[in-house]
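Asks: Go by the hints and put chain B onto chain A.
These protein sequence lines are chains A and B, in that order.
Using the working numbering, the first residue of the first sequence is number 6, and each one after it goes up by one.
Using the working numbering, the first residue of the second sequence is number 4, and each one after it goes up by one.
By construction, these hints were calculated from the structure, which means they are not laboratory data.
Keep in mind that a hint or two might mislead.
[To be verified] Covered by chain B, per the in silico footprint, the following chain A stretches (three or more residues, Cβ under 8 Å):
id : segment
1  : 95 to 108
2  : 272 to 279
[Stated by the list, open to error] Some but not every residue of chain A turned toward chain B, in silico, with C-beta under 10 Å:
id : residue
3  : 31
4  : 32
5  : 33
6  : 35
7  : 37
8  : 39
9  : 63
10 : 134
11 : 136
12 : 137
13 : 158
14 : 164
15 : 165
16 : 310
17 : 318
18 : 333
Since we're looking at a predicted model, the values are computed, not measured.
From the three backbone atoms N, C-alpha and C, an ideal C-beta is built for every residue, glycine too.
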Amino acid sequence: MKKLVKVILVIGLSVPILTACWNQKELTDLAFVMALGIDRGEDDLYHVSFQLVNPGNVSAGQSGGGQGLPIAVYKSTGRTMTEAARNATKEVSRRLYYAHTNVVVVSEEVARDRTQLLNLLDAFARDPEFRTTTEILIARDSSAEEIVTTLTILDKLPVTKITKEIKTTEAMKGENFSISIDDLIDGIVGSGKEPILNGYRLIGKQEEARKASNLTRTTTEAFLGADGLAVIKDGALIDWIESKKARGVLWVLDKVKSTDITLKWKGKKNALSIVPIRSKTKVSTIFNQGKPVINIKVENEGWISEANTAINLMDPKTIEKIEKLTEKAVKKEVQTSIKEAKRLKCDIFGFGDVVHKANPGIWKNLEKDWNNYFADLEVNVKVESYVRREGVRTNPFWSDINK
Amino acid sequence: MSILSKMLKNKQKKRQDDNYRQKQDPQKPEDLPILRDYQENISHLKEEVGNSSDVNVREFRIGAHKGALVYIDGLANMISVADYILETLMEAEVPDEPVDIFQFMLEKTMALGSVKTITNWNQVFDTLFSGDTVIFLQGFNKAISGETKGWEKRAISEPSTQLSIRGPKDSFTETLRTNTALIRRRIKSPNLRVDAMKIGTISQTDIAIMYIKGIANEKIVGEVKERLERINIDAIQGSGYIEQLIEDQSWTTFPTTYHSERPDVVTSHLLEGRIAIVVDGTPFTVTVPALFIQFFQAPDDYYSRFDISTGIRMLRILSFLIAVIGPSVYIAATTFHQEMIPTTMAIAIASQRENVPFPAFVEALIMEVTFEILREAGLRLPRAVGQAVSIVGALVIGQAAVQAGFVSPVMVIVVSITAIANFSTPVFAMAIAARLIRFVLMGLATMLGFYGIMLGLMFMTIHLCSLRSFGIPYMMPLAPFNIRNQQDAFVRFPIWAMKNRPMFISKGNMKRSGDHQKPGPPKQTENPSQNGEE
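Excised from the complex, chain B in its bound form:
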C-alpha cells in the first residue's frame, strides 16, 4: 500500500510544481491594454478571434464621437443589444458643452443592469464570451461592457436520474445562474455564500462554490477551494471532471463525492454543512464531503414518515448486498456447500443444471456479462431502437438460453434479482461500484466458496474504512461509530428527533431544531370550555 501512497505523493508534488509553472506562464493571450484608436482595437480583436462568423461588430456614432460595439451572436440577447444599447445610443442627445463622452455613455446610454469599465484584453474576451457586449470608443484606452447575456437555455424540467414521489419536481439545468438561483430560492439566508471561480485554461468554465457560513466547516471549505485551484486542465466538460480531479482517493470503485441534479438534495446537503460545487454546463452539482451511508439516502426518505423511510432504507441496503454477493453466493452454494441448500431445493437446482454444459461460474459469468451488455446497449441506443433491444434481450436471456439448455432457469432468476436489486440504489455512482465488485466476488467464490466471499467482503470493508472524503472517514457514523449520528444512518429518526447536524462535516452551529418538537394533541387545560371559546 505504501508504494501507492508514495506514488500519489510524488504526483501531488509534481502537480503543485506544474501549477506553479503554469501561473508563471499562462496560456491566455497576453494581457495587453486597450488602445486609444477604436479601429485598431477592432482589427486586433479580429486578429485574435480569426474570422469567426459569430463575432458581430457594429460601428456607430454618438455626437461627434465614433465607436463600435462587439457582441457574440447567440450568446448575447439581441433584444438587449438593440433596445437598451443601440437605441439609447442613437437617441442620446449629447450636450453641446464639452463632456467626458465615456462617462456620459456609461451613465446615460446604457439601460442595463450591470455595466463595467474594462481596460485590458483579457477582460474583453471574458466578458465577450460570457455573452456581454463590449463598446470601444475612439480616443479612450478603456472599454464599456454591458451585461446582455441571453443565450438559448433549457427550461427547468423534471429530474431524469433521481426520481422522487413526493419531492419537488424541478431539477438543475446546464446554466450556472439558474442552478445557483434554484438553491438560493430555497435558502433565503445571507449566510449562503456563492464563491465564483473559473476553471479550465481554454474553456474558462464558471464554477460556484456554495456553502452556508456558520454551518459548513471552514477548514473543509478552504480545502475544497485549494483543491479546485490546483486544477490545471484545458477544459471542464462537466462536474464529473471536477469530481475526478478533487477526490481523495482515485484507486477505489466507491464514490467519495456526491452528485445530484435535485436542488432539494443539494439544499439539504448544504444545511448539513456540506459544500456544493455548481459547474456551468452540467445539471449535476457535486457535494462534498460524501459518506458511504449517504448513497442510500433518497430524497423521499425525508418526505415520508420515519417508519416507512427506515424500512425502505433497510431494503435498499439489503438490495445493495444482494447486488454485490448475489451471483457469488449462488456459485459458492452450488459448487462448494451443497449441504447448505435445503434438500428439495438442492434437487430442484440439480435437475435444472443437469443438462447445462458449463460449470456454475462460467454459466454465471456468461449471464452476467450478457446482462451488462444489454444494459449498456440499452443505455446508448436511440430510444426507438432501445425497445427492440429489450425485447431481444428478454427473449435471449429469459427464454431461448434456457430452452437451448445453455443456462439454467435458476441462473436467470439470480441474474434478474441481482440486476433489479442493483437498480434500487438511489445513486448511480454507488450502484456501479456494486456491479464491479460483484465480478471480483464471483471469482473468489469460484476458487474458495463462502470463504472467498467472506475474504472479499472483509477486504471491501477494510478498504471502505480506509477511505476519506475531504478528511472525513467515509464510513462515518458506522466506523468510527458515533451514536449521535445514527439518527440518519440505518434508521431514519423522526424529524423532531434529528436535532443535530452530522459531526465533523458541520462545525459550529450544530443544533438543527429546537427542543420539544415532538408533535401531539394540546395538553388538557384546567378549563376546556374556555379553550373552546378562544
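Chain A extracted, bound-state conformation:
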C-alpha cells in the first residue's frame, strides 16, 4: 500500500516539474502568424505587421472555403519586438502563434540601421516558439508592410509563394537563395564571412496589392518578386548586388545547381543557351610568402538547351569550343561579383573562413582588418565546363535552312 502511494506521489509531484509542454491550447484559439513585416516609423518605434492566416478561407473544405481573403494583417508598434507582439494582442482575438512563421520581412530602412537590425534578432533566436529556420528578406523600394499585405494568385498563402519561389529560383536560376535567421546571425557574429540577404520587391500598383480584386485577375496589378542580394556589413545593410551580378556570388558560394548561360556563336548574339545541371565549386587557399591567395574552381556539367544558329553539334570539336565559351562566361560572372564585393570591402564569400581553416596562425593577424585586406586579395578563378548532351535533337534546324 505504502509503495503504491509513493509511486503515485512521485508521478503526481513530477508533473508540475516536467511541464515543458504544459501549455494546452486549442487550435481554434490560435492565430497562426505566417509572416512578420518590420518597418520603422517616424516615432522611432518598430511598426510590426502580423500576417495572420484565416484558416477557413485557405483550405477548400466542405464548409465552403475561399469566400474571404486567406490572410488578415494586423499592425502594432513597440520599442522592442516583444512589446510590439504584446501590443498586438489588444487587437487580435486569438493568441498569436509563431511556430509556423515562415517569413520575416525587414524594411530597408531598418536594415540600414545597425542597432535597429541587431535589436530584432535576439527576440527571434530566443523565443521557443519561433523557428530560426525562418526565411528573412529585405523589402526593396517598398515597406515591409506592403510586402506582407500583398495577396498572391496561384498560391493562396503569400508566404507559401515566397518560400517556394525562393527555393525554386535557387534550384533553377541561381540568383537568390534561401537564407534563414540562423544564417544571418551566424554571418553577423563570425568575422570570416559577411551575410547576404534576399531582396524582395513589390512590382506594380501598390494600392491594388492588398485588395481581393487583385486575386480575380489572371495578370495581377501587383505582385511580389525576388530582386538582388543585400550585403550586410557590421550588422547593417550597406549596398545591393543587383540580380545580374548576383549569380557570380552564388557560383562562389556553391549554391548554383542549375541556371542558364547565353553565349555568342561566330558573331551571332544569343545563339546558344547552355543549362548546367550539376555544378560544384571548391574554394581553397595557398600561401604565397605568408600572403593568402584564393583559388576558386568551378566545375559544371550541362546540356545545350538552345542552338539558334547553324552549328554542327555532331562535331566533338564544336562541343569543346562551346565548353570553352561557357567557362569564359562563368569566369567573367565570378570575377565581376568578386570585384563588386571588393569594391564594397565586404567578404561575402567566406574567404576569411577558408584562410582561417587553412592557417589559423596567419588568420589571427588578418582577422581584425580582414575586410580591408579582402579588397586587395589575390583571387584566381578556374572554371571547367562540360557539355554532356544536346537535348533530343542533334543539329538544329538552322543547319538545314542554309542548305
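Replies: Relative to the frame of chain A, chain B by itself:
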C-alpha cells in the same frame, strides 16, 4: 503494488481452504450403492430426478429375469438403444442351465463398443447424463452401462472468428470428442496425451487437457492441472470461465491465455509445447502459456512465404500501435504541439475545427464512444436489423455530424483509421485490450500532451513486462530478450530456419527440424547425363 499481491495471496489461501472443505462436503448426491431390487432402484432414480420428462425407463424381461433400462431422451441415440440393446435382449436365448445372468447380458446382449459395470449412484447419474444407457437387473446390486451417446450436434463448419485464406477450413464444435478428434487427426503420435477432467459441481463439464509428452514442459502441465483442480464453481459455461479462473493475473487488460476455434492453430501450439484445454460445450479451445507476440501471429503467417508474412506481421503490430495511440496523438498534436504539424496541414486542420464547439478531447471522446456504441449494437443485433444500424451509423458519424459542425472531418478520419487498425489484430482478446487502453491514453494526452502519451506507454510496457503466463514472462522473447526465439517474433523466419521450439515453453525435445532444410536445385553432379537417365 504489494497490497494487490497480498490480497491475491490471501484469496488464494482462502480458495485452497474452500477447496479442502468442499472435498470433505461434496454437493453431489450421496454415494449410495445400487440396491438389489430393480423396482426400488427405479423409484430411487425417479425420486432423485423428480418427474423429469426426458428420463425414459423401459422395463423388460430376459428369460426369467426382470429388469429395466434407463436413458435420457435426446442425449442417447434411440437407434443404438433400440437395435443394439433392446433387440438383442429380447432375441437372446437364455440357456437352460443356471447362469450368471448379469455376466451373460454383459457378454452376449450388449452390441455396443463400450460397456461397463457400475455399482453406485454417482456413476449412474454420470453415465446417464452423458447419454449412456443404464440397465438395472432384478437381484443384482450393480448395473450395466452401455455407451449410447448420440445427441444432436452441430456439424464441423468454417471458423467464424478467425478466418484464414490458405489454412484449413474446419473449426471446433461444441462437442468435446469432436474437438479432441480434430486435434488427434492432425497429430498421429502416441505422445499426444488427452487427460480428462470434470469441472463444475453441478454442470460436471467434461474437460480435456491435451499436450505432447516429451515436448511440453511437465512442470507447466502439472501447474495447469493443479490450477484446474483448484476450480470450485457450480458450472462451466465455456472456455472463458476456465480462462478467468486459471490466469496468472486478473488485474490486466491483456490476455494471458490464448483461445482459438481453429484446430490448426491449437495443433501448432501443441507442437510448440503449449497445453490445450478443450472444454465441452464451446468451440473455443484455450491454450497456455500465451505470450504477447503470439496474439499478432495469424495462421496465414505460416501458410504464406516468410517475406510476405513478416511484412504483414509488421503491419499488424503497426496497426495495434495506431489502435492504441491514434486518437491520443491527434489530441496531443492539436492541443499541445501545433508546431509539429506541417504548416499546410495545421492550417487545414484548423480550418476544419474552426466551427467545432468542443475542445479536441471532448470531440474525440464523443466520436470514439459513438463508434464503440455502434460496434456493440452491431454485434448484438439480429442480422436483419444490423444492416440498418450500420447505415444509420455511417450517416450519423460520417456525414451528419460533420455537416452539423459537431465534429471535424479529421476526427472522423482518425476514428475510422483507429477502428480499422483495431480490427486487424488477429485475436479479439488483444484487440479489446487496445480499445480500453486507448481511452486512458486519450485522457493522458489531454492533460500532458505527448509527455502524457509517453508516460502511459511506459507504464503499459512496464506492466506488460511484469506479466507472466504460467510462469513464462509475457514479453518473451523481447523482454527478456532471447536471440534464438526471434525466429517467430517480429520477423517470421523461413520455415527451414525455424529449427527450434520456443524456449521455456517447450522442454526436452527442442529440435523442430533437421539440418540443411533449405530447399534449392540439386547440386550439379559430375555426369549430368547419367542423372537424366535415372
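Asks: Where does the structure disagree with the numbered hints, that is, which hint numbers, in rising order?
Replies: When the structure is compared with the hints, numbers 2, 12, 13, 16, 17, 18 turn out to be violated.
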